[in-house]
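Okay, here's what each chain looks like letter by letter:
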Amino acid sequence: MFKISLNIIACFKWVVDHEDIKVNPETNELVLDRAGYRISDYDRFAIEEAVALSEQYGGSTTAVTVGFPAAKKSLKDALARGPEKAIFINDPAFANLEPSQTAAILAQSINNQEFDLIICGEGSGDLYAQQVGPRLAEHLNIPCASFVRKITIEGRELIAERRVDEGIEIISMPLPALVTVLPEINSPRVPGLKDTLAASKKPVVEITGSDLEETVPCLETVEIKATTMERNCEKFDANEDDLKRFVEVLLRAGVID
Amino acid sequence: MAGVWVFAENYEHGLELLQIGRSLADKTGVELTAFACGDKEVGQQYIYYGAHQVFILPPLAEDQPLETYVPAIAEVARQEDPDIFLFAATLRGKEIAARVAARLNTGLCSECIELDIKDNKLEMKRVLYGGAALQTIICKTRPQMATIPVHTFTSVTDLDNTRQGIIKEFDPISSTPVKVRDRQPRAQESGDITRSRVLVCVGRGVEKEEDLKLARELAEILGGDLACTRPIAEELHWMPQETYIGLSGQTVKPELYIGLGISGQIQHTTGIRDSRIICTINKDEDAPIFKISDYGIVGDLYKVVPFLSQELARLKKK
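Going line by line, the protein sequences match chains V and A. For the first sequence, this note's numbering gives the first residue as 1, with consecutive numbering after it. For the second sequence, this note's numbering gives the first residue as 1, with consecutive numbering after it.
Read the hints as simulated data drawn from the structure, not as lab findings. Heads up, a few of these hints could be off.
[Stated by the list, open to error] With beta-carbon atoms standing in for the labels, derived distance ranges:
1) V:196 - A:276: 26 to 36 Å
2) A:166 - V:27: 45 to 55 Å
3) A:159 - V:254: 44 to 54 Å
4) A:192 - V:248: 25 to 35 Å
5) V:234 - A:167: 30 to 40 Å
Here a beta-carbon is modelled for each residue, glycine too, at the ideal position from N, C-alpha and C.
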C-alpha cells in the first residue's frame, strides 16, 4: 500500500474508576479518596485507532493527556498501547477541569506540534460531556467529524463513517482534521509484557501549567450527589405460584393488558 | 431580542425545546427564539407554538453537513447575546452545541436532564461517573448553554395559528471543507425504542443469539419491543446499535421494562431510570439490578421466560 505517513495525536484522559466510587449513606455524597484511576475506556479506542492508522498508512502516534501529577501513572499504560511518544500536560491545578478548559489547554499545547490528525474518544468516562473533541477542533480551526465508526485515508483526505440520528453519514474532509470515535470502531489490543517494557523507554514530553496561558472555568458546580433509584425491590421465586403472582402484580399496575 | 434561544435539527425535537424554552422565558420575563433549519414552514409553526421570533437558516447544498451552520449560529449569538441557548442533544446537535460554545467562549451543560431558574440563573442537572452521581451546575458566562436529550420534555401542545412573530431569514452560508459523500438511513428493522411502552431487554445472561427468540416472544405478547445492553449490540453484534440502552446508547422511559439476564451496571441502569416499572429476571440473587427493580424474579430465564410467555398468552385468550 502507498505510504502516506501520518502524524497522529490521540488524546486520552486519566479518570476515576467509577466502580470504586463509594457513597456516604448519611450525606449522599461521593467518597472518591480511595478510588483507583484508569485510562478512560472511550479513549482506548482513540489510541488504538491512531496506532492502527499509523501502522496501516505509515507515520507515528503521539498520546496526549491533560491531568494532575498523579496522572503520570497513565503514561506507561498509554504508551504500551502502541504510541511512539507521549505529551503530559501536567499541573496540580488540572485535577477538575471542565471541557472548555481541557480543550483550551490541549489547543495551546498541540498548536506548535506538527500533526495530520487528532483522534479523541466520543466522551470521557467520568464527565462524558462529549465536548473536548469538537471544542478543540474549533480552537485549532480544523474540520471535525464526531461519533465516527470507520476511518480511511485517501491522499490528504480523510473519509469517515459517522453516526447521525437517522443512520450513517459518510463524509470527507481535508487533513489536518479531528475525529471523535465510537467504541464500535475497533477492538483495542491488550498490551503484553513486551509492550509494557518497551513503553518505559519511550519519550515523554512534559508541559506544565506555567508554560500555558491560564484558563478560567465557565461553569460552577453547585453540588454533586449520588443518584438514588427508589424502587419496590420485591423479589419473586421461579416457582409457578410466584410467577403467577408476578403476572397479577403487573396486571394490577396496569402495565399489561 | 436576546432571551431564550433553542436549536433542534428537526421539527419534532424543536417542539420539545419550545416547551422547556417557553417555561424558562416566562419565568425570566424574556422572549423565546427558535432556529429552523432550511424550512420557513417549520419556522411559522414554531411561532404558532409560542416562539416570539424564528431564525430561518438557509437550506444547505446536498453535500453539506448540518454542522455547516456552526459559524452562522455562533455569529448571530455573538451579536445578539442571548441569556440562555438550548440545543437538542441529537448526535449532530451535541457537536454543534460544543462548537458554538467554543466560539462564544462559554460553558455548556451536556445532556442536561433538569433545568430551572434560581436567583435569575439557569440551574442545570446532569449525570456524572456513568450515572452514579447527579451534578448541579450553573454557567457563569453568557449565553448559559445546555444540550437537552431528546424526549426529556414533552412537546408543546397549545397551537395558536393566529400568533404573530418575527421571522428572520439568514443569508446563504459559505460551504465547509467537510463534504457529505453519502447518507445511509438506519435499517427499518430497528424501531425507535425510546417510544416503546413495553421493553424486554436482554443482557449477557442470554447465552446464544438464537435464544433472543425467547425474549422476542415475550416482547410480542406484551405488545412491546426488544432492546439490549451494550455488549449485545457492540461486542456480539446480535442486535442493532440503535437498540442498546445505556449512557452512551438510548435512554428509555417505558411503562414496563423487563430485563433478562442483566447484572445492572450503572451505565445501563442510568438509561432506564425513568421507566415506570422495572422488572428483572436473573438467576444471580445478588445481581445489583435487583436493588433498582420494582419486581425481581430470581430464577433461570430459560425456564421463567417461556412460562411467562405462555401464561400471558393464556390470559390474553381469555
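Against the structure, the hints come out as follows:
1. Between residue 196 of chain V and residue 276 of chain A the Cβ separation comes to about 49 Å, which falls outside the hinted range of 26 to 36 Å.
2. At about 49 Å, the CB distance of residue 166 of chain A to residue 27 of chain V agrees with the hint of 45 to 55 Å.
3. In this structure the supplied range 44 to 54 Å is violated for residue 159 of chain A paired with residue 254 of chain V, their Cβ-Cβ distance being about 30 Å.
4. The hinted range of 25 to 35 Å is satisfied by residue 192 of chain A and residue 248 of chain V, whose Cβ atoms lie roughly 31 Å apart.
5. In this structure the supplied range 30 to 40 Å is violated for residue 234 of chain V paired with residue 167 of chain A, their Cβ-Cβ distance being about 55 Å.
Violated hints, in rising order: 1, 3 and 5; the structure is consistent with all others.
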